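Going down the list, the protein sequences come from chains A and B. First residue of the first sequence? That's 1 in my numbering, and the numbers climb one at a time after it. First residue of the second sequence? That's 996 in my numbering, and the numbers climb one at a time after it.
Keep in mind that the hints were calculated from the coordinates and are not lab data.
A few chain B residues that face chain A, going by a derived Cβ cut-off under 10 Å, partial list only:
(1) Arg-1016
(2) Gly-1024
(3) Arg-1028
(4) Ala-1120
(5) Asn-1131
(6) Gly-1213
(7) Arg-1237
(8) Gln-1246
(9) Thr-1248
With a cut-off of at most 16 Å between alpha-carbon atoms, the simulated EDC-like pairs for lysine to aspartate or glutamate come out as follows:
(10) A/Lys-745 - A/Asp-262
(11) B/Lys-1047 - A/Asp-569
(12) B/Lys-1047 - A/Glu-568
(13) A/Lys-690 - A/Asp-307
(14) B/Lys-1047 - B/Glu-1086
(15) A/Lys-253 - A/Glu-517
Restraint-style ranges between C-beta atoms, simulated for each label pair:
(16) A/Asp-569 - B/Gly-1009: 32 to 38 Å
(17) A/Leu-370 - B/Ala-1155: 56 to 62 Å
(18) A/Glu-31 - B/Asp-1054: 44 to 50 Å
(19) A/Leu-47 - B/Arg-1201: 37 to 43 Å
(20) B/Arg-1175 - A/Glu-983: 39 to 45 Å
(21) A/Val-490 - B/Arg-1185: 41 to 47 Å
(22) B/Ala-1044 - A/Thr-258: 47 to 53 Å
(23) A/Val-298 - B/Asp-1122: 54 to 60 Å
(24) A/Ser-233 - B/Ala-1044: 56 to 62 Å
Every value quoted in this text rests on a predicted model; they were computed, and no experiment measured them. Glycine included, every Cβ here is placed at the ideal spot set by N, Cα and C.
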Amino acid sequence: MPPTAEAPAHGEAQKLTQSSAWRVEVFRRPERQDPEGDHALHAMVELGLRRPTRVRIGRGYLLDPSYESATVADIATSFLADPVIDAPRIHAPGEVPSATDGMHRVLVMAQPGVMDPVAQTVDRLLQNTGRVPDGGAPGVATFRAYEIEGDYTTDELESAAARIFANATIEVVRIDREDLPYGTPFGASPRGRTEVALLDATDERLLEISVQGQLSLTLTEMRAIQEHYRAQSREPSACELETIAQTWSEHCKHKTFTGFIDFEGPDGETEEIDNLLKTTVARATHELDRDWCVSVFVDNAGIVEFDQGFDLAIKVETHNHPSAIDPYGGAGTGIGGVIRDLLGAGLGARPIANTDAFFVGPTDLDADQLPKGTMHPRRILRGVVAGVRDYGNRMGIPTLNGGVWFDPGYTANPLVYAGTVGILPRECAFKEVRPGDAIVSVGGRTGRDGIHGATFSSIELSEESEMVSSAAVQIGDPITEKRVLDCLFVARDRGLYRGITDCGAGGFSSAVGEMGEECGADVELANVPLKYAGLSSDEVWISEAQERMVLAVPPENVDACLAVFAAEDVEATVIGTFTDTGKLIVRDEGKIVAELDMRFLHDGTPRPRRRAKWTRPNLPDPGCPAPANDDYGAALLALLGHPNIASKEWILRQYDHEVQGMSVVKPLVGVRADGPGDAAVLKPLETSRKGAVISCGVNPNFGELDPKAMAESVIDEALRNAVAVGADPDHAAILDNFSWGNCDKPDRLGALVLASKGCYDAAMAYGTPFVSGKDSLNNEYRIGDQTLSIPSTLLITCLATIPDVARAVTMDLKRAGNALYVVGMTRAEFGGSHYLALQGLDGGRVPRPDLETAPALLRALHGAMREGHVTSAHDLSEGGLAVTVAEMAFAGELGAEIDLRELPTETDHATDANCDADALRLFSESCTRLVLEVAPDHVEAFERALAGHHFARIGTVTEAGADARFVARGSQTGEIVLDVPIEALRAAHGSGFQG
Amino acid sequence: MTMKEGQAGTTDSGVRGVVLRSAGTNCDGELKRAFEAAGASTDLLHLNAIAKDPKRLEDYSILSIAGGFSYGDYVAAGRVFGLELRHRLDEALHAFIERGGVVLGVCNGFQILIELGLLQDPGLAPDERSIALTDNASDRFECRWVTLRSEDSVCPWVRAGDLTPVPIAHAEGRFAVRDRDALDELYAKRQVALTYVDPAHPNTGRDDDVPYPFNPNGSTANIAGICDPTGRVLGLMPHPERNLTPWNHPQWTRMGTREEGEGLPFFRRMVAVATSTLVS
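Make the full structure from the sequences, and use the hints.
Printed below as a string of structure tokens:
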């Protein structure tokens, strides 16, 4: 929309409808298949509606009424419609399309003010090709039209629209009605300074101000602010309060991790913790002091040394609450945001890989089990997958790693983690800002989208969230971000700027506030390019509109820098200057709307003191599984089909994992590329064979029972996954991403303390530093008085290196006759295991790596692998040994025969009548274990390399072919206890939800 | 990026290439790498830079349009970039081809060539086009490796009978024709250059139904790439530029030692054709 457009009063979209615009609807020709329509048809059937005869989907465009009809016809036939595929329908202003008998029309359109990148693109092209109407602007808006043949009531169609076609938070729906909103979005808010009466406010009033303003500030914090302004004898402006709220938000400040905690452990031990982050995660990094860590915990991403003068940068973010409200937009802007973190790391890292992990409710959940105000897990998962796909693919960044976890605890509050790895030359690893540097905003325009995202993410969701937080939803435009990326590296390599950060949570207030922290900044909001008129000064300042970066440009480079962006049609604007005043001054048309002391803004946050207490759940320890079920084949097939283990191919294929041409080990491997790889390997430099390895580890089941063991075991999992493809465990960096419940509650915070302690212990034992991390707390969902917390979820992401990609190893079996080995010790650790879950049992001892022996074992294994002694490798995790060998067998289209008597176990249990010793061996999820395939001529060298560690030869790769089987001999007498054709294994693994 | 480009052991053919890019192009890096590995020194140029000075095209013998999501592929894949090129560079592009230059469009580049009308007889208006690329039959973006068979076509750098493993990564790659006559015409003019096959049964014909996922998108006659009637302009959906090294292939850990990826010879032959008709 042109920024000069006049706007009516705030909150009211201009009441113009279809009668005022040209309308073009583009449907496929009747004889052409409409795959998208077929998809919608199936979704209606899945919803339980009668099967429609046919569903067709049209793309709709509204155009300015002052166009000549011949011009509209030309636009429709030569631009909007494909001559071979489509048949456009044109309706003049005032005309209304009519549905034929037995057909319903459902129209879906973005709400006024919601980003519509398609409309912007069409608008721009029409202007660039000289198709401008007398009215002066093309005025393009877009919508979707569903033509549904079948007999439906309006209620049924409303249900279908609400659950399949549209998201009411951001879209307008019309059922058998043709009036569409058309015109300028939103109303006008006053610009300039507004004052908030704070000095004489009571505590009650202080809290009221915080709640009404969506500031998410506590009473203690409000009092500190009041104190600060009393000392100055003046009232704060609304803009100042907003800036403080953004800067002090949990999202930006991590107050829980950096505050005081009075902790009581499961055995009654107590401790006062002064800054959990500094005493656990960051402490490990500091004490390890690895020389290949270049920049950790200080920048937008962690930076580690790579090769030939290049470093790698990595960051993983959460975007949980926005994804709950709008899965597609939330996930898309999640990946968009973390990519910008990389663009703002050092002087900018070029993104080379994405990693994503999702945690959602069960896809087979009964609709009536769904908490009020939430979306079905199927819809959430499809939405987040599509969001990551459309943003990541359009950015040209391969999505190479990730995971999906299903648990009822995520139904109301799904988790979306998005991460990016980038590469940058060492000389670009650091940044600075100097007084006098111009503050330059580049990229997208600022609008009313994403107001209060930072403060919104710091409170719990509720059934009203989708109503009250629509403004917090952002719709991304990856192409704008790609343009920024393209120009940014030109400017970087010419040395035109010396500081950079992304505009994320808190918008300019956070970006400029952070960059100017050590010096000062003076900003003129009137210079900020807007999507449309009518924003208040405060809104311009805190808007989280996407695809914007802020640069610090030396005055002598300003013209050259702006020219670089202009050359590729990217907007770049000077919006202020960094100063030496120590103050953050915000003006609008010269008048000051905020004046804040940088020290108070950044250091004035009162540190909260919270209580933490964790008690063990009162559950019996089943120890070794009882001898209940000896149909191990059936158990194995059930495990392979378990949603957490089953194939994620339907998701992985939708991500481009080949773009940039660097991927060496892809997410899917094996003969038919249907084996789940342990980790991704890529070769970032053309002139070096050194590779980067990305893996992850997570297991929320463990956290319920023992948060500290969970942390240790998922760090072990991330590392053994990396080692499985050939990574050097001594060049591995890890990232911690905590998604937790409300940490005002002592049990949640107690679990967080224990998990953090586990992080410290494991990082120290493996010598693996944390280089970056992020926490998302308050993942709870409130219905009335009740709150539902998510399972405590710690995602560990690992970025490691492999000395030579030609030595990378995949998990598929390679050749009959090769030996199969297991490394690591199998224990009766069934707590949180999928085998117990299958039997409906809970409790038990959570797998925990032996921190004394595990690091050396991984090192020794890597030594064998880098010498080329291992032909395939796969880690043991969910489902244990049986699942691992099964996956290796079907991926390699080869059989396997193993003997459970050979497996190294802590306690034999073979003669224990209360213990199913075979189930123990087949399904335990003990840590630090892998299955390795070794060719006969490498057996001796392999065994020599592993000498002194727990390992054993457990079997052999057997013949290929249609009747290849996975056979296991039991621990008692060596009789066959499991015998399943590999094709049955493959089928079970592929039997899950397919999207 | 300051990463070093080029590959040891490459001999410079003296041919110069240009990879055209615009907002949303994202396979320009690997395409440039492919041409350089094949011996053609190659520049990356933004559309704005060429449109400002169309004579710059005269410096080059190979023009390629890289994959990606130009302008987000909003409206339809390649539509906006295609129209923008028609509007700003139409004459220069035709002059380039008449001068003997060769043109390659990969993935989004193929979609753009179709929108541009460069794969059919010159002079057709946008609404007279009889070939199209549309939504995959699966209605999904898909990334997977396929096997391409090179057909007996007029394209001089496509060697009939070759089977080449290459990845696809697209949402709108289903080749479609207006009617049977349009398809017959493509065969009559020997414009069908590349088709999808099942590597276990590679001798399928135009009327054989190569099943999913071997034909990954439901393309008519399993067509993956076509050339113009002169053979000097080729468009294809798959990405040979993503199979240059011995480690790109998804099953390389199951193969013996290989010196290079199977996509590289395609570029070498194209550079050789450009060399033999080098415009001075």
